[in-house]
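**Student:** Going down the list, the protein sequences come from chains A and B. At position 454 of the first sequence (counting the first as 1) the number is 454 in our numbering, and the numbers step up by one without a gap. Numbers in our numbering are just positions in the second sequence, counted from 1, shifted up by 1000.
Just to be clear, a hint being listed does not mean it is correct.
Said to hold, decoys possible - Straight-line C-alpha distance at most 20 Å; calculated SDA-like pairs for lysine to any residue:
| hint | chain 1 | residue 1 | chain 2 | residue 2 |
| --- | --- | --- | --- | --- |
| 1 | B | LYS1098 | A | PHE29 |
| 2 | A | LYS167 | A | LEU179 |
| 3 | A | LYS167 | B | ALA1099 |
| 4 | A | LYS167 | B | GLY1230 |
| 5 | A | LYS167 | B | LYS1098 |
| 6 | A | LYS167 | B | LEU1096 |
| 7 | A | LYS167 | B | THR1097 |
| 8 | B | LYS1098 | A | ASP115 |
| 9 | B | LYS1098 | A | GLY166 |
| 10 | B | LYS1098 | A | ARG113 |
Said to hold, decoys possible - Here are the simulated distance ranges between beta carbons:
| hint | chain 1 | residue 1 | chain 2 | residue 2 | range |
| --- | --- | --- | --- | --- | --- |
| 11 | B | PRO1066 | A | GLY59 | 30 to 40 Å |
| 12 | A | PHE447 | B | LEU1036 | 49 to 59 Å |
| 13 | B | TRP1132 | A | LEU171 | 41 to 51 Å |
| 14 | A | ILE385 | B | LEU1169 | 36 to 46 Å |
Hints in this document: simulated from the structure, not taken from any laboratory. Glycine included, each C-beta is placed from N, C-alpha and C at the ideal position.
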Amino acid sequence: MIFFTTETPAWIVAPVVLPLIAGLFCFLFSHRTFSIALIAALLNFLAVCFLTRQLILFGPMHCHMGGWQPPLGITLRTDGPAVLMLLMTAVTGLGITLYARGYFSHRMVTPVRSDRHRQQQRYFWPLWMLLLAGLNGLFLSNDIFNLYVTLEIVGISAASLAALSGKPASLLASFRYLLVSLLGSLTYLLGVVFLYRSCGVLDLDLVQNLAGDGVEVRAALALLSVGLMLKTALVPLHFWLPPAHANALAPISVILSALVVKGSFYLLFRFWFEVFASIVTSSALNFMGTLGAIAILWGAIQAIRQHRLKLMVAYSTISQLGYLFIAFPLARVAGNAQLWSIVIFMALAHAFAKSAMFMAAGSVYLHLGHDRIKDISGVRSSLPITVFAYGIAGVSLMGLPPSGAFIAKWMLLSSSLASAQWWWALVVMSGSLLAMIYVFRVMSRFFVIPAGLPPDTTEPLSPLMEWPSLVLALISLFLGLLAPWPLLILAEGSTSLAQVFPGGMP
Amino acid sequence: MKTGKVIMGQTRNRHKRLDWIQRLFLLLVLCLTTLLGVILCSSPETAPGLADAVAHLQGRSGVESPVTAVLLNFRGYDTLLEVMVLLLAVIGAWSLTKAPLPDQITDISPVQLGVVRLLVPVMCLVAAYLVWQGSHLAGGAFQGGAIIGAAGVLLLVSELPWLRDIPPLPLRIGLVLGPLVFVGTALFCLLWTGNLLGYPEGAGGWLILLIEAACALSIGLTLALLFAGGRPENELVKADKQTDFPCNRESL
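Build the full structure now, drawing on both the sequences and the hints.
**Tutor:** Written as structure tokens, this is what we have:
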């Protein structure tokens, strides 16, 4: 027998194995599935906290699966960015689990189509737990083929979840999502084939050392990037996202929008700035930045034009994902460490704010029975907590202080001005302005109480449907005040972190 | 009449435009394929790959077949997740719809019935043999599972009446068995040797056979159930009791 201490690297498998087992049990048993899922989400959170502590105490950890060393075996590793993404997933996942409980028990009360609601709840829990396991595996894996398998788990469970609502629109959208996701996976796999052919290894550290400047490696990087961009929904490959996210059930929209797109983005970023950093050219970086800028403006304008709340929030996801890509062309000035902190802050802030916003939108939908923006007046009086959560999440999306997005945008602005690329700064600022328009457009409706509004007779929403969104919104708001702490974790990950804020702390 | 013409004209127009876009995409795909082909041909020297490393460590893996050694020992973690992907496919299919099994009992031709009666047991035997053979030759859980799946498909296309009455719980147990045994073995190895799926010295062969047998069953069931195309009839009935009271509440 082996004794496990704090230093044992084998703890790293916990965030993958725990939700995996929970997913199997949720499928096997037809009762108490929520308890299983909640326990797994809690244990997952504790395990991630433990890994964070381990990282701070002992630095990055490597765990070889089955004891086989890298060229042959698969390695899982923790470092700063991976642990922060795990934390983001664990906290949001806990909120989603609680919210989904409230959501499904509220919907079971209505006798209309209770068959369908039972079916949705029955299959939501196993799919969600397996998706969580896949995401955690994706953040931890250090093997390019194993990453493909985790992408596959995430893609298939996400598409099944998106189809769960059963409406024709969502079936169509999720089928398209499945096809796009498969196309992305296969493109990625083709990239892996090219890479294996030229390097002969699959471990990311070894690939980083062996990948030369050959045309084959460049083709591999292009294929990997296109596959991941398709999954991340970077403009112009975003066409599948709004219908799939907006037509899904509320807890599932949260999962898809806050977590799933982050997984593929994280990989893309890791490839561009760690594994293949030596062959990435300035023009490629500028190209990605341009796509990001188009995404920010196009997504925000589309969000302003929408008539339905959930579609507006989905388009805002496209816009917010653009900020992650606009960090790319600033790499030459900012240096890897600051780039990581910009991107991680942006991703964390967006995950918390967007999950809060989609939860609020879902609660409003459930309360009113529709989400037409022009008819949502007066929700403030019946759902005060939800409206408050929506407002705070909106503040975070706009990037006002002290939210985490403010820190990220500040770093973006200062490094783009420092490198004399002022046009990126312009895009960031106009994106925030547009975000303000689409957030306030809905917010103002919430507060208008029409004169002839009938008294509220609908069933009150359970607290589980209101409080998780508020807590997540508050986390995203105060992320800016907690900034030094995530930066400390990030600094643990890389030894080359000389200075984090060349532009000065805001 | 006039509107009909207009609509027809519109559809024809749309059809034409779609064709044009399709042609453009076809051209782009052809260009891309050519480009990739040129890249592949222009760099003939290939890396040695990992075959040597596998051959070198074969003796320590507990099995003689290099494919099985890679699948279940060296990269067992990959296979663990792949098995989950298969399970996910079934859960996804079950979440969408019920299996469209025919309502009426149709007449099955005696020839077909005889063939099914003869073939299904033989196929199960072949599957078991393939799983066992996986330790030293080509074979293993996926091949054995494919045969079991084919046997299931044979039963399904014969539309045997008792297939409708299989309760869902045994099906779920069968589906989860492989993944659960796999995870369980992995955790056992984790406690025993400190590595996930790091088989104890000497026990590798047996544990791999155990995992493969359980996975073959689950994979076969997965394939057959995917062919059936949905969840069993009474999969959700049990949950009825839970929701009795809300309906009453609504009627009050």
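**Student:** Under the constraints set out in the numbered hints, which ones does this structure not fulfil?
**Tutor:** Checked against the structure, no hint fails, so every one of them is satisfied.
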